[in-house]
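If you want the building blocks of each chain, they are given just below.
There are 4 protein chains.
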Amino acid sequence: MSARRVGVWIVGAFGGVATTVALGLSAMKRGLAPSTGLVSALPLFDGLDLVDPGELVLGGHELRLTSLEESAEEFRQGSGVFDRSWLDVCRDDLAQATARVRPAPHLGIGATIAKLATWEPAHQPKTPRAAIDLIAADLREFVARESIDHLIVLNLASTEPPFAVEAAHQTWDRLKRELGKPDETLLPSSSLYAIAALEGGHTHINFTPSLGSSFPAAYELAESTKAIHAGKDGKTGETLLKTVLAPMFAHRNLDVMSWVGHNIFGNRDGVVLDDPANKASKVGSKDKVVTSILGYKPSTLVSIEYIPDMGDWKTAWDHIHFRGFLGAKMKMQFIWEGCDSLLAAPLAIDLVRLADWEKRRGTIGPLKHLASFFKSPEGVEEHDFFEQFRLLVDHVDQAKKTNVR
Amino acid sequence: MSARRVGVWIVGAFGGVATTVALGLSAMKRGLAPSTGLVSALPLFDGLDLVDPGELVLGGHELRLTSLEESAEEFRQGSGVFDRSWLDVCRDDLAQATARVRPAPHLGIGATIAKLATWEPAHQPKTPRAAIDLIAADLREFVARESIDHLIVLNLASTEPPFAVEAAHQTWDRLKRELGKPDETLLPSSSLYAIAALEGGHTHINFTPSLGSSFPAAYELAESTKAIHAGKDGKTGETLLKTVLAPMFAHRNLDVMSWVGHNIFGNRDGVVLDDPANKASKVGSKDKVVTSILGYKPSTLVSIEYIPDMGDWKTAWDHIHFRGFLGAKMKMQFIWEGCDSLLAAPLAIDLVRLADWEKRRGTIGPLKHLASFFKSPEGVEEHDFFEQFRLLVDHVDQAKKTNVR
Amino acid sequence: MSARRVGVWIVGAFGGVATTVALGLSAMKRGLAPSTGLVSALPLFDGLDLVDPGELVLGGHELRLTSLEESAEEFRQGSGVFDRSWLDVCRDDLAQATARVRPAPHLGIGATIAKLATWEPAHQPKTPRAAIDLIAADLREFVARESIDHLIVLNLASTEPPFAVEAAHQTWDRLKRELGKPDETLLPSSSLYAIAALEGGHTHINFTPSLGSSFPAAYELAESTKAIHAGKDGKTGETLLKTVLAPMFAHRNLDVMSWVGHNIFGNRDGVVLDDPANKASKVGSKDKVVTSILGYKPSTLVSIEYIPDMGDWKTAWDHIHFRGFLGAKMKMQFIWEGCDSLLAAPLAIDLVRLADWEKRRGTIGPLKHLASFFKSPEGVEEHDFFEQFRLLVDHVDQAKKTNVR
Amino acid sequence: MSARRVGVWIVGAFGGVATTVALGLSAMKRGLAPSTGLVSALPLFDGLDLVDPGELVLGGHELRLTSLEESAEEFRQGSGVFDRSWLDVCRDDLAQATARVRPAPHLGIGATIAKLATWEPAHQPKTPRAAIDLIAADLREFVARESIDHLIVLNLASTEPPFAVEAAHQTWDRLKRELGKPDETLLPSSSLYAIAALEGGHTHINFTPSLGSSFPAAYELAESTKAIHAGKDGKTGETLLKTVLAPMFAHRNLDVMSWVGHNIFGNRDGVVLDDPANKASKVGSKDKVVTSILGYKPSTLVSIEYIPDMGDWKTAWDHIHFRGFLGAKMKMQFIWEGCDSLLAAPLAIDLVRLADWEKRRGTIGPLKHLASFFKSPEGVEEHDFFEQFRLLVDHVDQAKKTNVR
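Protein chains in written order, with my numbering: chain A, 56 to 460; chain B, 56 to 460; chain C, 56 to 460; chain D, 56 to 460.
These aren't lab readings, by the way, just hints derived from the structure by calculation. Be careful, since some hints might not be right.
Same chains, same label: a pair holds when it works inside one copy or across any pair of copies.
Once the Cα atoms are required to be at most 25 Å apart in a straight line, the calculated SDA-like pairs of lysine to any residue come out as [as the list claims (entries may be wrong)]:
{"hint": "1", "residue 1": "Lys-343", "residue 2": "Glu-360"}
{"hint": "2", "residue 1": "Lys-170", "residue 2": "Leu-87"}
{"hint": "3", "residue 1": "Lys-343", "residue 2": "Pro-98"}
{"hint": "4", "residue 1": "Lys-343", "residue 2": "Val-220"}
{"hint": "5", "residue 1": "Lys-423", "residue 2": "Ala-305"}
{"hint": "6", "residue 1": "Lys-181", "residue 2": "Leu-120"}
{"hint": "7", "residue 1": "Lys-386", "residue 2": "Met-312"}
{"hint": "8", "residue 1": "Lys-343", "residue 2": "Ser-358"}
{"hint": "9", "residue 1": "Lys-456", "residue 2": "Arg-445"}
All of these numbers come straight from a predicted model, not from anything done at the bench.
Using the sequences plus the hints, can you model the full thing?
What follows is the structure, given as structure tokens:
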């Protein structure tokens with residue numbers, strides 16, 4: 056494996072999750088942290104020769120002019136989760152990754168995210184095509200300079216507003232023609248990155264609720280370039296629990312009357328989600344899973360509120376009101392207190408490792424067996440976490456049997 | 056089906072769960088309540104021609120001289136769960152079942168349970184064999200009088216203290232010889248009922264944490280008489296949640312440091328569990344599942360406390376402290392507020408229906424595919440609720456394929 | 056006392072709280088319920104000869120054509136809080152009160168509340184003055200027919216949108232001139248009732264967050280007619296707890312960084328509060344108390360959401376994030392599960408009894424010593440519950456000393 | 056003030072609370088931390104010229120051979136509450152205090168606490184009198200060497216088992232005679248420290264549930280030497296909340312049926328409290344306050360369990376089941392997550408400052424106005440937190456009026 060180089064190009068490269076990915080990779084390499092939280096470190100994957108996390112080469116695009124070192128320090132102070140001494144040990148690794156980050160083009164990012172931008176790129180694209188080409192040029196340079204064998208574009212950027220897929224997004228031929236027109240609303244930024252990745256035959260992983268490659272033309276493009284893609288919206292906390300608990304209510308034939316979930320948190324993502332348009336994407340992705348699993352629609356309510364002093368700690372209170380035998384009303388409540396970036400980062404690393412393994416196996420298109428990682432899995436309608444995990448186990452078992460590693 | 060008669064002989068026939076079973080069967084038959092809470096009413100079982108709940112014939116043994124009508128009224132007042140008008144509609148059904156209940160022999164019931172006894176049986180057995188024979192005589196009379204085709208002995212009695220299985224319980228031959236000796240400590244009451252059932256070729260279902268048929272000699276006996284048995288300790292609330300949530304932590308490679316569970320409730324079961332000896336059985340059954348699923352032993356603590364004003368409402372607070380990526384400590388807490396008897400009763404009815412179906416299919420021995428119903432499933436070490444449920448689904452699917460109904 | 060007749064004219068006479076008041080008065084009179092929940096039954100008030108709850112004469116205005124009997128049955132079924140047999144015992148009392156309820160004029164009620172209206176009054180007023188006169192006529196008739204010595208108008212109606220007090224509401228002279236103009240926006244409905252009450256020298260109690268008598272011209276009017284008034288917004292659950300807990304944080308010099316409160320409930324009030332305009336009144340009243348008590352402004356968030364299956368049960372989750380010694384971040388969370396109408400009704404009865412006592416003592420104007428009953432107490436800025444309660448205790452002690460009963 | 060020297064002699068000088076006191080005093084002096092959490096920093100005390108926290112001189116006794124520096128590092132790692140850099144800044148201050156700590160005599164400490172002892176004193180006393188003299192000698196040396204004007208002995212040691220006060224403890228004359236006999240059970244260690252302090256005319260503050268000076272002979276001794284004493288059992292978390300919330304239920308005439316409290320935590324105190332004998336003191340002190348405030352006895356349950364991974368974080372879940380109007384059962388639950396030492400340390404500093412102020416004012420005997428700091432306040436039966444706080448406010452106001460500072 057050592058000769059092969061896997062590059063991870065992160066969209067939102069100085070954000071909380073990206074910073075945690077970078078710090079985590081370095082901390083594991085330096086022996087500071089074990090692999091706790093990495094699904095890909097489970098015994099299930101023993102013998103598969105997944106890429107060593109320490110060998111991943113990081114780069115990326117970012118709108119804010121800062122650095123992984125600063126971002127890591129800010130994260131540590133705001134959320135108090137790892138020791139300051141780690142920053143000393145990992146500083147060089149972070150600085151090297153920081154040096155490989157480029158300013159992001161500003162097309163299609165929306166007004167709320169635009170407010171955060173503090174890093175002006177040299178060129179301001181006028182058309183989606185021009186933006187894609189600027190992105191692609193940065194990818195090419197990264198691949199060349201770092202001798203990357205497999206490039207994975209990983210979207211960890213802020214949540215965009217919901218985007219309605221229309222006729223123009225149905226086929227690649229049609230969409231390709233539209234890309235050259237000066238229409239900033241044709242596609243959101245996340246999809247421009249997806250197209251840049253897939254056109255180049257690179258892998259695309261969308262960890263956000265934004266559109267990314269979730270439309271027919273992108274699927275078609277991926278097939279044509281033999282590219283892999285996976286997404287969307289990493290399932291880290293409250294929604295994970297919904298997809299764990301809802302099957303229990305279903306299997307016990309208990310009648311869920313209402314499922315209310317309130318989330319509070321205080322990281323930068325919160326600033327973006329304070330815009331109702333951006334929040335709608337997140338809430339939509341969080342809300343549908345319960346109905347999908349139960350097979351009927353209880354009263355549901357999901358809120359996500361930005362409370363600055365919470366830092367990266369996301370606390371969810373869920374109240375589940377259900378009817379049991381003889382019509383008796385009962386209830387379950389849970390409170391989840393998780394550090395958001397620390398829940399998301401290991402899953403992002405898992406997705407990189409598992410996608411890389413698929414690349415070596417020659418897989419093309421959406422990675423349906425990774426459904427358990429996502430709130431809105433690409434290419435499969437299954438939301439029950441345990442059915443999703445079974446897809447993964449069955450997939451790995453099948454691969455082991457066919458002796459392809 | 057209408058010609059076939061299925062009898063359910065309940066040990067603890069006037070207890071909270073038994074009362075809810077009786078009332079529930081009547082309420083469903085009278086159209087007052089839907090099948091919410093019945094697993095056996097899930098679409099999974101469509102086309103299997105399970106016995107109609109309304110056709111089950113109830114009888115049983117009891118230590119307390121009361122009636123299902125009184126017990127139902129007491130339950131309603133203490134827990135406020137169904138309308139008083141139901142009692143009017145169901146009174147005749149309850150009275151008929153009450154008339155089929157017999158005083159239980161007092162051998163092997165332990166000091167704490169003995170304190171509750173207010174109904175003196177005509178004969179006081181001196182040996183386990185004598186007690187078994189008294190039980191068997193009552194079973195025979197019930198079968199004869201009610202023209203029962205399939206008799207199911209269902210243990211819903213109070214929890215006994217833990218019982219150490221020893222050499223005497225290893226083979227039926229050996230145990231049979233000991234039964235005739237005047238040794239009250241040879242077997243707990245629950246096992247005398249199990250032996251009476253299995254010797255008669257009847258089905259035995261142990262919904263309690265007591266020993267019942269959970270020892271080699273009883274397994275051997277069941278094989279020899281072609282009897283079915285299932286158990287033990289119905290999984291209704293907090294433990295159900297443990298077996299739902301622990302797999303999530305395992306699949307996400309999160310390191311559970313401690314899992315603390317405090318339960319408070321106020322029904323008669325609580326009076327018995329206030330005796331530390333009896334409580335030990337319950338706590339043991341509740342405590343082991345987390346360790347079994349995770350594959351390592353976190354700090355665990357389970358308490359069950361009797362708070363009279365809670366009535367039949369059991370409230371559990373669980374605090375799960377876990378370590379995630381980069382060693383960060385996070386936590387989940389849940390609060391479960393369920394009406395205990397209303398969670399247990401439908402599962403007891405499910406077990407009766409599914410055991411009856413197995414009887415017609417010619418099954419013998421422990422029903423391993425019913426593991427999802429129990430805290431300590433007989434014959435299988437699986438505690439992950441979703442793996443257990445998969446056993447049930449696979450079993451039913453297999454049966455449907457082989458076209459045996 | 057028996058010769059003296061106290062009348063209670065309820066605005067919103069068939070609503071949840073009004074129904075509970077009517078049922079509660081009857082149930083206490085009939086010996087079904089003790090005085091639990093009545094502040095005025097505390098030993099503090101021993102010897103004050105407060106009016107006997109059973110002697111209060113109920114009447115009122117209502118927009119919906121129903122009855123106390125129907126409303127009580129609906130409440131019982133939706134929230135399962137008292138036994139059906141009570142309705143039989145109390146039916147006559149409820150029917151008598153129902154017969155004294157009149158259709159409410161529709162002026163100034165706002166669009167959302169108007170949608171609930173199903174009872175058309177004979178006359179539709181065109182001006183505020185006309186509406187006030189219609190109300191006053193009904194009050195006069197009630198007083199005459201029932202030989203009422205002291206009439207208390209008690210507002211238990213749905214929450215109106217916030218109302219900006221302006222120049223026109225500063226003096227009674229000025230306002231009086233405006234009342235005759237056909238301007239539906241001059242005053243909300245709650246204030247028309249307040250004026251009708253105060254002009255007649257009757258007592259006015261505003262249990263809602265609506266404007267009522269909370270403006271200078273109404274204060275002036277009350278002084279001129281020697282009338283009593285009290286309000287506003289009964290403090291029953293989450294806000295009560297805020298005013299109990301915030302002083303603790305203040306006295307311990309703990310720095311509250313954020314206080315988030317989410318409320319869910321399912322009664323008719325919820326339908327009205329689903330309109331953001333109406334909700335704003337409620338949230339405003341709930342939100343300000345923490346800042347007022349702490350003396351600085353933490354991040355605060357209050358939501359109230361309508362979840363139909365909750366019935367009258369209001370569940371609040373509050374998350375309080377605070378900083379302690381050496382800057383350590385700590386937290387407290389609470390979950391309050393209360394039946395809203397059953398928390399509100401006894402306080403409404405208390406207010407009637409205590410206002411009547413003041414009337415006999417010759418008090419005029421706002422009853423500041425009743426601050427502990429309200430989220431936005433009239434005439435006093437104190438929100439600390441224990442300081443408010445001390446106002447009450449001191450007031451009663453002072454009255455006892457001066458030997459006026 | 057600067058010429059006056061106040062010494063604080065801490066029993067349990069390397070424990071969690073003592074370490075936090077030492078670190079906190081240094082951190083405040085060095086400008087690292089504000090006075091958040093210090094009651095004595097409230098505006099109420101403005102103008103009273105309390106001793107500056109930074110001027111307190113620390114010393115003490117300890118059973119374990121370690122240091123404040125080590126203990127602070129251990130605390131930081133286990134509970135993650137302040138930045139490592141603080142230890143660098145405060146190291147010299149901690150080292151100086153460490154140098155003033157002496158090995159504690161081992162008489163009367165009980166078996167469980169004795170197990171923790173790793174520091175052997177030079178002399179092993181055979182009688183209580185001998186132990187007291189050894190303690191007194193260390194106090195004298197401290198006073199002389201550090202030129203202490205006012206010495207305060209502050210007990211922050213582990214909780215001892217409950218101790219029955221008997222005839223021998225009623226008068227100082229009688230007790231004095233018994234002290235010379237070789238009877239290790241005559242008095243617990245906490246009381247030997249109290250006697251040593253009070254005999255020397257020093258101030259004694261008991262922050263623990265142990266006996267300390269809570270018996271008539273000690274009261275008499277204090278009077279005779281004109282000494283001050285205060286205690287006992289600092290009220291930091293769950294019990295504080297009980298004394299805040301119970302008055303609310305009382306003032307609203309709500310009927311508390313049960314109050315269940317479960318506490319989990321993982322600091323060294325937990326090791327000691329795992330001994331049921333030691334735990335009994337703590338639980339007793341925590342349990343009685345609710346009954347005292349309500350005036351009747353609901354079902355109560357208090358548990359404290361040692362869960363090592365919790366570190367110094369104490370989490371309490373309280374479940375309060377109450378009956379409201381018309382008999383409806385409702386409930387409140389709270390979850391308190393506090394860092395125990397960080398809640399206790401500022402209160403200990405407050406007590407030192409306020410006791411020193413009393414000393415300058417010439418006060419003698421128990422400080423009843425400090426009741427709000429304690430679970431079992433000396434000399435006063437008031438448990439309502441707000442009544443207790445009012446005692447403090449009234450005391451300070453009175454002192455300000457009499458112009459004695």
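Against the structure, the hints:
When the C-alpha separation of Lys-343 and Glu-360 is checked against a cutoff of 25 Å, the pair qualifies both within a copy, at 19 Å, and between copies, at 19 Å. With identical chains, the CA atoms of Lys-170 and Leu-87 are never at most 25 Å apart, being 36 Å at best within one copy and 34 Å at best between copies. Proximity of Lys-343 and Pro-98 under a CA criterion of 25 Å is satisfied inter-copy only: 22 Å between copies versus 32 Å inside one chain copy. In this homomeric assembly, Lys-343 and Val-220 come within 25 Å of each other (Cα to Cα) only inside a single copy, at 18 Å, whereas the closest approach across copies is 43 Å.
Taking identical chains as interchangeable, the C-alpha atoms of Lys-423 and Ala-305 lie at most 25 Å apart whether they share a chain (23 Å) or sit on different chains (21 Å). Only within a single protomer do Lys-181 and Leu-120 lie at most 25 Å apart by alpha-carbon distance; the minimum there is 22 Å, versus 63 Å between protomers. For the identical chains of this complex, Lys-386 and Met-312 are neighbours both inside a copy (10 Å) and across copies (21 Å), given an alpha-carbon limit of 25 Å. With identical chains, the CA atoms of Lys-343 and Ser-358 are at most 25 Å apart both within one copy (13 Å) and between copies (22 Å).
Taking identical chains as interchangeable, the C-alpha atoms of Lys-456 and Arg-445 lie at most 25 Å apart whether they share a chain (16 Å) or sit on different chains (22 Å).
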